[in-house]
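First to last, the protein sequences are chains A and B. Following my numbering, the numbering of the first sequence begins with 1 at its first residue and continues without gaps. Following my numbering, the numbering of the second sequence begins with 1 at its first residue and continues without gaps.
Take these hints with a grain of salt, some might be off.
Any copy will do: because identical chains look the same in the list, a pair fits if it lies in one copy or spans two.
[Said to hold, decoys possible] Listed below are the simulated DSS-like cross-link pairs for lysine-lysine, each with C-alpha atoms no more than 27 Å apart in a straight line:
{"no.": "1", "residue 1": "LYS44", "residue 2": "LYS324"}
{"no.": "2", "residue 1": "LYS469", "residue 2": "LYS94"}
{"no.": "3", "residue 1": "LYS507", "residue 2": "LYS469"}
{"no.": "4", "residue 1": "LYS289", "residue 2": "LYS386"}
{"no.": "5", "residue 1": "LYS469", "residue 2": "LYS256"}
{"no.": "6", "residue 1": "LYS386", "residue 2": "LYS31"}
{"no.": "7", "residue 1": "LYS256", "residue 2": "LYS210"}
{"no.": "8", "residue 1": "LYS469", "residue 2": "LYS31"}
{"no.": "9", "residue 1": "LYS298", "residue 2": "LYS164"}
{"no.": "10", "residue 1": "LYS261", "residue 2": "LYS210"}
{"no.": "11", "residue 1": "LYS324", "residue 2": "LYS173"}
{"no.": "12", "residue 1": "LYS507", "residue 2": "LYS173"}
{"no.": "13", "residue 1": "LYS298", "residue 2": "LYS86"}
{"no.": "14", "residue 1": "LYS256", "residue 2": "LYS298"}
{"no.": "15", "residue 1": "LYS256", "residue 2": "LYS94"}
{"no.": "16", "residue 1": "LYS324", "residue 2": "LYS86"}
{"no.": "17", "residue 1": "LYS261", "residue 2": "LYS298"}
{"no.": "18", "residue 1": "LYS256", "residue 2": "LYS31"}
{"no.": "19", "residue 1": "LYS324", "residue 2": "LYS210"}
{"no.": "20", "residue 1": "LYS469", "residue 2": "LYS261"}
{"no.": "21", "residue 1": "LYS94", "residue 2": "LYS324"}
{"no.": "22", "residue 1": "LYS324", "residue 2": "LYS164"}
{"no.": "23", "residue 1": "LYS507", "residue 2": "LYS210"}
If you are wondering where the hints come from, they were derived from the structure by calculation, not from laboratory data.
There are 2 protein chains.
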Amino acid sequence: MGCREADPVRFELDGAILFSADLSPVAEHLKGYVGEIEAGPLQKGVPDDEDGPHVERMEPAGQELSLVIVSGRYVRAHEALLRLRKELSARMGKEHRIGVRGVRIDRYTISFSVPEAPDHPVRVPFATSLDFEGDTAVMTLDDVSEDFLSRNYVDRLVALVREKVDAQRYEGKEEFWEQIWTSTPREMPYQEDPTEDMARRGWVQQGPGKGRWFFRPQAAAVIRAMERIALEEVLRPLGFQEVISSSLVPFEVWLKTGHLKGVANEIYYFSEPATRSEEAWEELRDLVKVTREVPRDKLVGLLDAPRAGMTYAQCPNIYWSFQKRTVADEDLPILVFDRTANSYRYESGGRHGIERVDEFHRIEPVYIGTVDQLVELREGLIERYKHVFNELLELEWRMAWVSPFYLQQAGMAGGGEDEEATAADERREGTIDFEAYLPYRGTREESEWLEFQNLSILGDIYTTAFNIKAQRHELVSGCSGIGLERWTAVFLSQKGLDPAGWPEGFKRFLPELPRGFTFH
Amino acid sequence: MGCREADPVRFELDGAILFSADLSPVAEHLKGYVGEIEAGPLQKGVPDDEDGPHVERMEPAGQELSLVIVSGRYVRAHEALLRLRKELSARMGKEHRIGVRGVRIDRYTISFSVPEAPDHPVRVPFATSLDFEGDTAVMTLDDVSEDFLSRNYVDRLVALVREKVDAQRYEGKEEFWEQIWTSTPREMPYQEDPTEDMARRGWVQQGPGKGRWFFRPQAAAVIRAMERIALEEVLRPLGFQEVISSSLVPFEVWLKTGHLKGVANEIYYFSEPATRSEEAWEELRDLVKVTREVPRDKLVGLLDAPRAGMTYAQCPNIYWSFQKRTVADEDLPILVFDRTANSYRYESGGRHGIERVDEFHRIEPVYIGTVDQLVELREGLIERYKHVFNELLELEWRMAWVSPFYLQQAGMAGGGEDEEATAADERREGTIDFEAYLPYRGTREESEWLEFQNLSILGDIYTTAFNIKAQRHELVSGCSGIGLERWTAVFLSQKGLDPAGWPEGFKRFLPELPRGFTFH
Numbered sequence: 001m002g003c004r005e006a007d008p009v010r011f012e013l014d015g016a017i018l019f020s021a022d023l024s025p026v027a028e029h030l031k032g033y034v035g036e037i038e039a040g041p042l043q044k045g046v047p048d049d050e051d052g053p054h055v056e057r058m059e060p061a062g063q064e065l066s067l068v069i070v071s072g073r074y075v076r077a078h079e080a081l082l083r084l085r086k087e088l089s090a091r092m093g094k095e096h097r098i099g100v101r102g103v104r105i106d107r108y109t110i111s112f113s114v115p116e117a118p119d120h121p122v123r124v125p126f127a128t129s130l131d132f133e134g135d136t137a138v139m140t141l142d143d144v145s146e147d148f149l150s151r152n153y154v155d156r157l158v159a160l161v162r163e164k165v166d167a168q169r170y171e172g173k174e175e176f177w178e179q180i181w182t183s184t185p186r187e188m189p190y191q192e193d194p195t196e197d198m199a200r201r202g203w204v205q206q207g208p209g210k211g212r213w214f215f216r217p218q219a220a221a222v223i224r225a226m227e228r229i230a231l232e233e234v235l236r237p238l239g240f241q242e243v244i245s246s247s248l249v250p251f252e253v254w255l256k257t258g259h260l261k262g263v264a265n266e267i268y269y270f271s272e273p274a275t276r277s278e279e280a281w282e283e284l285r286d287l288v289k290v291t292r293e294v295p296r297d298k299l300v301g302l303l304d305a306p307r308a309g310m311t312y313a314q315c316p317n318i319y320w321s322f323q324k325r326t327v328a329d330e331d332l333p334i335l336v337f338d339r340t341a342n343s344y345r346y347e348s349g350g351r352h353g354i355e356r357v358d359e360f361h362r363i364e365p366v367y368i369g370t371v372d373q374l375v376e377l378r379e380g381l382i383e384r385y386k387h388v389f390n391e392l393l394e395l396e397w398r399m400a401w402v403s404p405f406y407l408q409q410a411g412m413a414g415g416g417e418d419e420e421a422t423a424a425d426e427r428r429e430g431t432i433d434f435e436a437y438l439p440y441r442g443t444r445e446e447s448e449w450l451e452f453q454n455l456s457i458l459g460d461i462y463t464t465a466f467n468i469k470a471q472r473h474e475l476v477s478g479c480s481g482i483g484l485e486r487w488t489a490v491f492l493s494q495k496g497l498d499p500a501g502w503p504e505g506f507k508r509f510l511p512e513l514p515r516g517f518t519f520h
Numbered sequence: 001m002g003c004r005e006a007d008p009v010r011f012e013l014d015g016a017i018l019f020s021a022d023l024s025p026v027a028e029h030l031k032g033y034v035g036e037i038e039a040g041p042l043q044k045g046v047p048d049d050e051d052g053p054h055v056e057r058m059e060p061a062g063q064e065l066s067l068v069i070v071s072g073r074y075v076r077a078h079e080a081l082l083r084l085r086k087e088l089s090a091r092m093g094k095e096h097r098i099g100v101r102g103v104r105i106d107r108y109t110i111s112f113s114v115p116e117a118p119d120h121p122v123r124v125p126f127a128t129s130l131d132f133e134g135d136t137a138v139m140t141l142d143d144v145s146e147d148f149l150s151r152n153y154v155d156r157l158v159a160l161v162r163e164k165v166d167a168q169r170y171e172g173k174e175e176f177w178e179q180i181w182t183s184t185p186r187e188m189p190y191q192e193d194p195t196e197d198m199a200r201r202g203w204v205q206q207g208p209g210k211g212r213w214f215f216r217p218q219a220a221a222v223i224r225a226m227e228r229i230a231l232e233e234v235l236r237p238l239g240f241q242e243v244i245s246s247s248l249v250p251f252e253v254w255l256k257t258g259h260l261k262g263v264a265n266e267i268y269y270f271s272e273p274a275t276r277s278e279e280a281w282e283e284l285r286d287l288v289k290v291t292r293e294v295p296r297d298k299l300v301g302l303l304d305a306p307r308a309g310m311t312y313a314q315c316p317n318i319y320w321s322f323q324k325r326t327v328a329d330e331d332l333p334i335l336v337f338d339r340t341a342n343s344y345r346y347e348s349g350g351r352h353g354i355e356r357v358d359e360f361h362r363i364e365p366v367y368i369g370t371v372d373q374l375v376e377l378r379e380g381l382i383e384r385y386k387h388v389f390n391e392l393l394e395l396e397w398r399m400a401w402v403s404p405f406y407l408q409q410a411g412m413a414g415g416g417e418d419e420e421a422t423a424a425d426e427r428r429e430g431t432i433d434f435e436a437y438l439p440y441r442g443t444r445e446e447s448e449w450l451e452f453q454n455l456s457i458l459g460d461i462y463t464t465a466f467n468i469k470a471q472r473h474e475l476v477s478g479c480s481g482i483g484l485e486r487w488t489a490v491f492l493s494q495k496g497l498d499p500a501g502w503p504e505g506f507k508r509f510l511p512e513l514p515r516g517f518t519f520h
């Protein structure tokens, strides 16, 4: 076995077809019809060496024909039930003037293989029960509607069970990480946490709200200098064009990118007013005027439930803008970036300084082209990033291939047994993390370095999801988020807050710090 | 009369003081005490020529002492009740070992003057009834809690009734508008709606979502050129320093600025996850995976009700950053701007093109200083704006003093009967709108010109609300929102989309349009 498509699977359906009249007078005819249909139409599409669906039991009772149908993967039991209905409807109508009123599935039991029995219980929605017998999962569904079947929920439930069993196998295993390159060590004259230092000097102020910062002129100037460096030293030389994208992402867009499956619990959601009518809002406003508090329960009643969230990464809306488009070959590779949509992630307990925050500012370059074009672009991007981090910012940093372990297992992240064969230039897809040493966190060896930049080629997942095509070529895509707070945190952690100690390459982009304000 | 503070007002309270024992044995003593207290402590603070509170009726019954107290504005009936409790508690405890358990207000009737009887019904929260007898309002409150009184809700309800009566008087009256300056007419070679034209050419794409736009490279380049013009030709020459502010505004901040009273029905609200726990979110994610839809009802259950909204204008968070600060005199005037927080307004039916949208991009200069400093700054800003609009963008536009009619009536907007006395240079506070002619809307005379810029000095409302002080001076503040989509809409409406027709002054900031993309 091994390949899932050939894994054994068994569908057992317990249900009924409902007719417009009592079936007892025609019971024998009915049995004959079912026998004919089972041998004929129900087997259509079943390969020669596979078993088709089988009607294990049938029992007319009143106006109902109770049925038990069992199948393998070909013409699954619920498809067999619908075919049976169609065929019976024709015969019963013509011969006996009895119509079909509908079908009912009381219980649907699906048995399928999983890689191994899970250690912890697995739950999935809709299933009445889910049990494991060795490497076989047995899932039962009660009272299944036709709608449920026609929307293909059954296949997705099977996929979800397998995904959850897989996730348990890889739980606790380390993510793939393989160093590609490292800079030489540099002297680190500064050991403080730069955010704390900036807060003391009045360069930044925490808030308003958790995980958000107000950057006063000095800190704002450093961040804007980082932005100019990214624009002038990385993106413009490579031919990237700027777009301005909305910060708001409708669920339809995230359903295509998968964000709502992956990071639903980290998203900031928003609600528009359900109405703008002055009258509807009068009471809330009056309460605010009288109590000087916001009645949050009343407010919720005036809002539409969320249909969208705030940017988690800018790429989904950029892909949306190319949705169902066919791009001119001479425009390939498409190179764009957005630096206008601000990003939001609910970090909760993980917040720290300006480097791990709920609201941050990123430039997101997105590229769409052939694999060869993007592999070449990646080399160009790495060269520009090296120029910036080595010559302008003079950082101590390194690059590593990274991929979640399960992706690596699934063969999606390149790599393999032979480490020599996984050198950067041989990889076609995958993610490179750029990590920098933060002296305030401890020694180089023992402290966690900060991921301050990444670079991905993501294959065709987004070009397929958004149906983005070229005239002749197969398209893949990728992105390379530039986190301005992260660049700033790394730079200040290594170089400190005294401009006298900053490298000349950086000072070209910020010759003088603004003076800010003095408070008494 | 005339001045509201002296307007007649009458408070009538029907309630009780609750004791720890039956009062019948001490009824006579009680009457004596009440008489003493009414004549003594209850009159403390009442001016000689005014009436103090009066106990109109008292009736011991079981453990309760029922009371009717009537007062004018001095020592209002509910204050009298609390004083009475305190004094009785001392006497009854000492003399009769009977304690006070609490007070109860069954009905509180407040009569006060309004400018005139309203034409339409007026509703306010908490009031059981609100009636008007000529220019007197009679409001009754039932079952009033001590908390309600101590939070000063009564005064705010009176103010709210008066505000609503006032609003009816000014309903339908035109807002104040007085032209200060107008450019010479210019030739208008282009008559199209530039947004429609841009959409046809692929410069912009509507969405994702209503009232939001995706700006492709050509349009993004025009918007960024406008930003550079504002920065280099207006803000930097005047000494403005950049700050980076959060796009998210907690309700506490808006309660200080008044936005939740004024524009609650136009705000985009957001919700953070109530928890980040993977387990709590598992079912929602599973449902998304199986159904490829977002179960919005389940989602709402996983979110915290909104405590904040998205930027309506950037100034509130900027004022917050100076909250409770004392600014050094040599830093005055404080000149800052934010261009990072994106703005959101629920426009609903009012949306049009890129000029009236739900999401837009503004530079917000905020200035805090003495009145003289800000009046001088205003002249400097007007001079720079004139330079930009006349010499660089070559627009046809005008400036006008504007103020909502009721502010003008309340004497807050300068102006008056003598039009000659209202010239710009004599005004200390108020708002100037910059309006431009949009040829696609019709003739100069009959079409509505677009407000594409404003400039306000707002007095001390925000410096007071946020307690912002200088060492020696009284501070006022103002702002001057620069809407980049508005500048762009005005420029393209008058000059068209062909760069050959654009003025040289603008082309200095955008020598060449990016090529964008070709779709097949």
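Results of checking the hints against the structure:
no. : hint            : verdict
1   : LYS44 - LYS324  : neither (35 Å within a copy, 79 Å between copies)
2   : LYS469 - LYS94  : neither (50 Å within a copy, 92 Å between copies)
3   : LYS507 - LYS469 : neither (43 Å within a copy, 35 Å between copies)
4   : LYS289 - LYS386 : neither (56 Å within a copy, 40 Å between copies)
5   : LYS469 - LYS256 : within (16 Å within a copy, 51 Å between copies)
6   : LYS386 - LYS31  : neither (76 Å within a copy, 91 Å between copies)
7   : LYS256 - LYS210 : between (30 Å within a copy, 19 Å between copies)
8   : LYS469 - LYS31  : neither (52 Å within a copy, 93 Å between copies)
9   : LYS298 - LYS164 : between (39 Å within a copy, 21 Å between copies)
10  : LYS261 - LYS210 : both (25 Å within a copy, 24 Å between copies)
11  : LYS324 - LYS173 : neither (39 Å within a copy, 50 Å between copies)
12  : LYS507 - LYS173 : neither (43 Å within a copy, 57 Å between copies)
13  : LYS298 - LYS86  : neither (51 Å within a copy, 37 Å between copies)
14  : LYS256 - LYS298 : between (34 Å within a copy, 20 Å between copies)
15  : LYS256 - LYS94  : neither (46 Å within a copy, 77 Å between copies)
16  : LYS324 - LYS86  : neither (36 Å within a copy, 76 Å between copies)
17  : LYS261 - LYS298 : between (30 Å within a copy, 14 Å between copies)
18  : LYS256 - LYS31  : neither (47 Å within a copy, 78 Å between copies)
19  : LYS324 - LYS210 : between (39 Å within a copy, 20 Å between copies)
20  : LYS469 - LYS261 : within (25 Å within a copy, 49 Å between copies)
21  : LYS94 - LYS324  : neither (46 Å within a copy, 87 Å between copies)
22  : LYS324 - LYS164 : neither (32 Å within a copy, 52 Å between copies)
23  : LYS507 - LYS210 : neither (32 Å within a copy, 43 Å between copies)
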